[in-house]
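Peer 1: Residues per chain are reported as follows:
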Amino acid sequence: MLHIVACIKQVPDTKIIKMNPKTNTMDRASAPAILNPYDAHAVEEAVRLKQRYGGIVSVLTMGPPPAVKAIRKCIEIGADEGYMISDRAFAGADTLATSYALTKALQKIGKEQPIDLIICGKMTIDGDTGQVGPGIARRLDIPPLTSVKKIVEIDKEKGIAILHRKLEDGYEVVSSTLPCLFSVEKEINEVPYSSMPNMLRAARYNPHIWSVNELEDVDRTQLGLKGSPTIVSSVWAPQKPQGGHMLEGTTGEQVNQLLGILLAKKELFEA
Amino acid sequence: MNFDDYRGTWVFMEVKDGAIASVSLELLGAGRQLADKRSSELAGVLIGDGVTSLAQEVIEYGADVVYVYDAPIYKHYRTETYMKALLACVEKFKPEILLYGATSTGKDLASAVATDLPTGLTADTTQLDVEEDTGLLLASRPAFGGNIMATILCKKYRPQMATVRPKVVRALPRDKERTGVIFEESIPIHEDDIRTKVLEIVRNTIQTVRISEADIIVSGGKGMGSAAGFQLIHKLAEVLGGAVGASRDVVEAGWVGHHHQVGQTGVTVTPKIYFAIGISGAIQHIVGMQNSGLIIAINKDPNALIFQSCHYGIVGDAFEIIPLLIEQFRGALGKPALAT
Numbered sequence: 001m002l003h004i005v006a007c008i009k010q011v012p013d014t015k016i017i018k019m020n021p022k023t024n025t026m027d028r029a030s031a032p033a034i035l036n037p038y039d040a041h042a043v044e045e046a047v048r049l050k051q052r053y054g055g056i057v058s059v060l061t062m063g064p065p066p067a068v069k070a071i072r073k074c075i076e077i078g079a080d081e082g083y084m085i086s087d088r089a090f091a092g093a094d095t096l097a098t099s100y101a102l103t104k105a106l107q108k109i110g111k112e113q114p115i116d117l118i119i120c121g122k123m124t125i126d127g128d129t130g131q132v133g134p135g136i137a138r139r140l141d142i143p144p145l146t147s148v149k150k151i152v153e154i155d156k157e158k159g160i161a162i163l164h165r166k167l168e169d170g171y172e173v174v175s176s177t178l179p180c181l182f183s184v185e186k187e188i189n190e191v192p193y194s195s196m197p198n199m200l201r202a203a204r205y206n207p208h209i210w211s212v213n214e215l216e217d218v219d220r221t222q223l224g225l226k227g228s229p230t231i232v233s234s235v236w237a238p239q240k241p242q243g244g245h246m247l248e249g250t251t252g253e254q255v256n257q258l259l260g261i262l263l264a265k266k267e268l269f270e271a
Numbered sequence: 001m002n003f004d005d006y007r008g009t010w011v012f013m014e015v016k017d018g019a020i021a022s023v024s025l026e027l028l029g030a031g032r033q034l035a036d037k038r039s040s041e042l043a044g045v046l047i048g049d050g051v052t053s054l055a056q057e058v059i060e061y062g063a064d065v066v067y068v069y070d071a072p073i074y075k076h077y078r079t080e081t082y083m084k085a086l087l088a089c090v091e092k093f094k095p096e097i098l099l100y101g102a103t104s105t106g107k108d109l110a111s112a113v114a115t116d117l118p119t120g121l122t123a124d125t126t127q128l129d130v131e132e133d134t135g136l137l138l139a140s141r142p143a144f145g146g147n148i149m150a151t152i153l154c155k156k157y158r159p160q161m162a163t164v165r166p167k168v169v170r171a172l173p174r175d176k177e178r179t180g181v182i183f184e185e186s187i188p189i190h191e192d193d194i195r196t197k198v199l200e201i202v203r204n205t206i207q208t209v210r211i212s213e214a215d216i217i218v219s220g221g222k223g224m225g226s227a228a229g230f231q232l233i234h235k236l237a238e239v240l241g242g243a244v245g246a247s248r249d250v251v252e253a254g255w256v257g258h259h260h261q262v263g264q265t266g267v268t269v270t271p272k273i274y275f276a277i278g279i280s281g282a283i284q285h286i287v288g289m290q291n292s293g294l295i296i297a298i299n300k301d302p303n304a305l306i307f308q309s310c311h312y313g314i315v316g317d318a319f320e321i322i323p324l325l326i327e328q329f330r331g332a333l334g335k336p337a338l339a340t
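Those protein sequence lines, which keep their order, are chains A and B.
For the first sequence, my numbering assigns the number 1 to the initial residue and increments by one for each residue that follows.
For the second sequence, my numbering assigns the number 1 to the initial residue and increments by one for each residue that follows.
If you're looking for bench data, these hints aren't it; they were derived computationally from the structure.
Values in this document were obtained by computation on a predicted structure and should not be read as measured data.
Be aware that one or more of the hints could be misleading.
Listed next, the in silico DSS-like pairs over lysine-lysine satisfying Cα-Cα at most 30 Å (straight line) [to be verified]: (1) A:Lys15 with B:Lys75; (2) B:Lys37 with B:Lys155; (3) B:Lys235 with A:Lys265; (4) B:Lys222 with A:Lys166; (5) A:Lys111 with A:Lys150; (6) B:Lys155 with A:Lys226; (7) A:Lys166 with A:Lys15; (8) A:Lys265 with B:Lys222; (9) A:Lys50 with B:Lys197; (10) B:Lys75 with A:Lys149; (11) B:Lys176 with A:Lys166; (12) B:Lys37 with B:Lys75; (13) A:Lys186 with B:Lys16; (14) B:Lys272 with B:Lys235; (15) A:Lys186 with A:Lys108; (16) A:Lys156 with B:Lys197; (17) B:Lys272 with B:Lys176; (18) A:Lys150 with A:Lys50; (19) A:Lys149 with A:Lys69.
So here's chain B without its partners, still in its complex pose (with noise of 0.2 Å):
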């Protein structure tokens, strides 16, 4: 493997409903600084059933080149497929770099492809670096459940590739004015030869709040004692027009679902303010929220470790300062008081 033929910074851009995944966008941001550092390229690579469209907002969002894959075939994800494209324009034009988000989407998709190339792959970034003369990728990550970040590195193949968590890099600024190079690619693939079939999508009907793109996020945790009393959560979050997050104890505890947990095994939130109340702090939940703009915690324990990671720090009942705060915020706000 002559390391030398592999050049440039790549992103894997995901499609969702006929929009760019926020991720991928972000990713653009990260992988134009390793790609100037290298003085190479930033592509993107779409695939999909009618993507073409996209491609022009792919180089507005920092990318030089963009290789699109456009065809009936791609118009649900599918491993095998979307494999075959990506592994196919990786061996075409050998990028040095290879991101994908950290969705179940980009981890699937990355998986396979690292196997096949072979290459080595890191999940679940939230650091990246690349030394400027060696184009050595340094992929950071928080291991054994975020009590120590752990420095990636894949010195001997090529492509370097890695998933990044959404939510820990910055998009660019759009810039319409950018322009760039798109190369349409197509490769010989049969729906016939294709082992899987998507035979129906099925959309939840009640929306669930995604509390990845939240600005405000009350989250709350053992503290808040049991499923009742989280209710409280609940409700602070109708009243400041937040989302609800909580702890991983708490979704242990079965007091509400999978989608609100905050965390490392969660999800990864930067909302402009974060409440954090019952929460001891544990660093696997820090890793997952210490990027908001505003962290509030209200805890019992003036021990509790969440004091050393928040904004502002309240030692108290939650039991007792809700309520007041609800009360408080209506008024202030000149809301009538809530009926209880």
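Only chain A is shown next, with the shape it has when bound in the complex (with noise of 0.2 Å):
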């Protein structure tokens, strides 16, 4: 039986989030909080992996109160059950204290209920850095593997993962011991509808939140704001482009002057 857990977390949907002109600040309350697509595929591997060789998957983020709505999501998808940590003292934590807290919340689960495997998304889509997975790791002193496209195999009684890894020009297949950390890429499953007695039982889902205190050997200075190495100094909106020449005319006229546009760099076309 494998206990797997999936990190999730909760982010405003930056697809359609949108810019006050007059400020060049994001109007936050324009974008809804999604779960970060990417850790829809973590949670969605953890539960075919469930169904492959039985046991449990738990779901795990920091954020916000609000964010129990991700964790309802990933219940959704098929997660057992789900963590949270939400203190004022996380707030505010760049990848490394973000990795710091979350470590501390996995040692927590795994007294419980040893983790053979840590499944996170590629990235999120606000913060686009994907370090929070390796960071996490490195941590916990297990493999970090990235890139993950594919889960050939989990063997527990040998404690052996096989998988492949994307590359840019095919994949590698790597074998890793267990317990180990994935960042998958989309492409590793597509998240089906959610079941109506999956989507009963969401709805009615409280998942575990702890605050700092109740995490152990906690070293407060490695949390939030304090314990983060890099700050934002600035934020500015990009240079507002010029605009470009607009081709005028009927059709035929526009496409003759592309043409022209086009055979000024002819040496482009001659291979």
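The two chains are supplied separately, each in an independent frame; assemble them into the complex guided by the hints.
Peer 2: Laid out in structure tokens, this is it:
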């Protein structure tokens, strides 16, 4: 029986976030909070492994109380248990402080039920870093495996995982000892529509929520803003482009002008 | 931590199939500027099996110093082995700044090294600068889907680390006369202690076009209507001898594979000619193509944002314009008309 933990995050949907053109700031209220899309694949893969080998799927997040919604989404996908660490002490964490706090939570989860495998999404769409997964693995001293696009086999008895890591022009087959941590690519699976029983369970589900005081051996100087080596010193709107020259006339005339522009660079087309 | 002990700018040199990755050469160009501003050395770190022969090339592209870890155990990239070598090097020679290409290997390695040191790491940087007197690295990157730019600092830890996107800085011209110092380093490391093994490498049999290297890119967006409509993009790319690009919407709709995606969560490209057809011009797309030599936008909507980020724009129907363009282009180059 496997115990798999997926680490997830609630994020603003950056695809539809709006900017306030006067202040050049983001209107966060304009973007709904969603489960980070990459993390849905992490949870789905954990659920598939559970179906294959038997076991328990837990999900873990760090965030403010409304992030419970993201955990419920994971229950819909098929996770069994949800854990959330939520405390002002965690606020303002960069990737290093985030991996520290999540590691403390994973150690607590692992005490009750030892963890065989941790799965993270490739990255979040708000931070875009992909740094937290490998950070957790280093802190737990387990192998980090990024760019995972297929899990071939998990053999708990032998303590071995075999997987495919995506390369630019193919993939590599890698074996790793268990426990280990995977950061998975989107292409690893498709997340199907949730089943009705899972949706019903999710609607009623309340995750375990821990404050910093409920975690053990925590060095508070490594948490939140204080524990973050990187700081954002300034934000600005990217330079506004000047706008292009519009080609006028009928479609035929426009195409003619365009052809002229392309043929001015004729050397590019003569292979 | 005594900051004065940390000197110089370093670049992790990524090696693939016996050649240095182009992003690493670009970073030597960027690193040279930072090092000069600080009146300090630029160094490259080479890790691999049989990589000593590449050290001179690192110097010819701008480095003063190369640290080489050359052993069979480094044949394939693995986080644990490369991390151990790089950590040892950082602890021994103490750089002020350490840069990596924002490739899957560079990001993987940087994340692990940052955690162990520990230090700050800024991901996917597109602009770099350094404060001349303090050595503080100003690492800027698009954030929130490219809606804003943010400058990230790491004030209390050294080295300062960043992964840098390919194609945002230029490599220096190669100077075969340049000289520098090569340090051949090694650490005690044994295969038995390494928990991961690369069992096999499988290359794609179909050669996928790497759009990051293409001179001409024809990109299509949701305005192409459907996967069938998107075929017109392929056709124009074929006629022009270019690669096919796509917006995020198109990739998410499954009309074309993810490796075609241009933008913040896709590939950053700098072709000589970039076509944006039926692409609205969301900022997250623009940040991936804005440094192209010549940008041509075609869109039905005269108010589409893409027209603010192009050199030439046509308001019109791609399904009328592209077939006409294909026909005339072939005629102009003296090629027979396409069989339809």
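Peer 1: CA of Lys111 (chain A) to CA of Lys150 (chain A), is that 30 Å or under?
Peer 2: 29 Å, holds
Peer 1: Does Lys222 (chain B) sit within 30 Å of Lys265 (chain A), going by the straight-line distance between their CA atoms?
Peer 2: 28 Å, holds
Peer 1: Just to be careful, I want the Cα atoms of Lys150 (chain A) and Lys50 (chain A) compared with a cutoff of 30 Å; is the pair within it?
Peer 2: Status holds; Cα separation ~15 Å.
Peer 1: Quickly compare the C-alpha distance for Lys37 (chain B) and Lys155 (chain B) to 30 Å and report which way the hint goes.
Peer 2: This hinted pair holds, its Cα atoms lying about 18 Å apart.
Peer 1: Taken at face value, is the distance from the CA of Lys75 (chain B) to the CA of Lys37 (chain B) at most 30 Å?
Peer 2: 35 Å, violated
Peer 1: Next pair to validate is Lys186 (chain A) with Lys16 (chain B); report whether the Cα-Cα distance is within 30 Å.
Peer 2: 24 Å, holds
Peer 1: Under the criterion that the straight-line Cα-Cα distance not exceed 30 Å, is the pair Lys176 (chain B), Lys166 (chain A) satisfied?
Peer 2: 35 Å, violated
Peer 1: Please work out if Lys156 (chain A) and Lys197 (chain B) have their alpha carbons no farther apart than 30 Å.
Peer 2: 17 Å, holds
Peer 1: Tell me if the straight-line CA distance from Lys186 (chain A) to Lys108 (chain A) falls inside 30 Å.
Peer 2: 29 Å, holds
Peer 1: Going straight from one Cα to the other, do Lys166 (chain A) and Lys15 (chain A) come out at no more than 30 Å?
Peer 2: Distance of about 25 Å is within 30 Å: holds.
Peer 1: Checking one constraint from the list: CA of Lys272 (chain B) to CA of Lys176 (chain B), max 30 Å. Satisfied?
Peer 2: 27 Å, holds
Peer 1: With the threshold set at 30 Å, check whether the alpha-carbon distance from Lys149 (chain A) to Lys69 (chain A) stays at or below it.
Peer 2: 27 Å, holds
When the structure is compared with the earlier hints, violations turn up for hints 1, 11, 12 and for no others.
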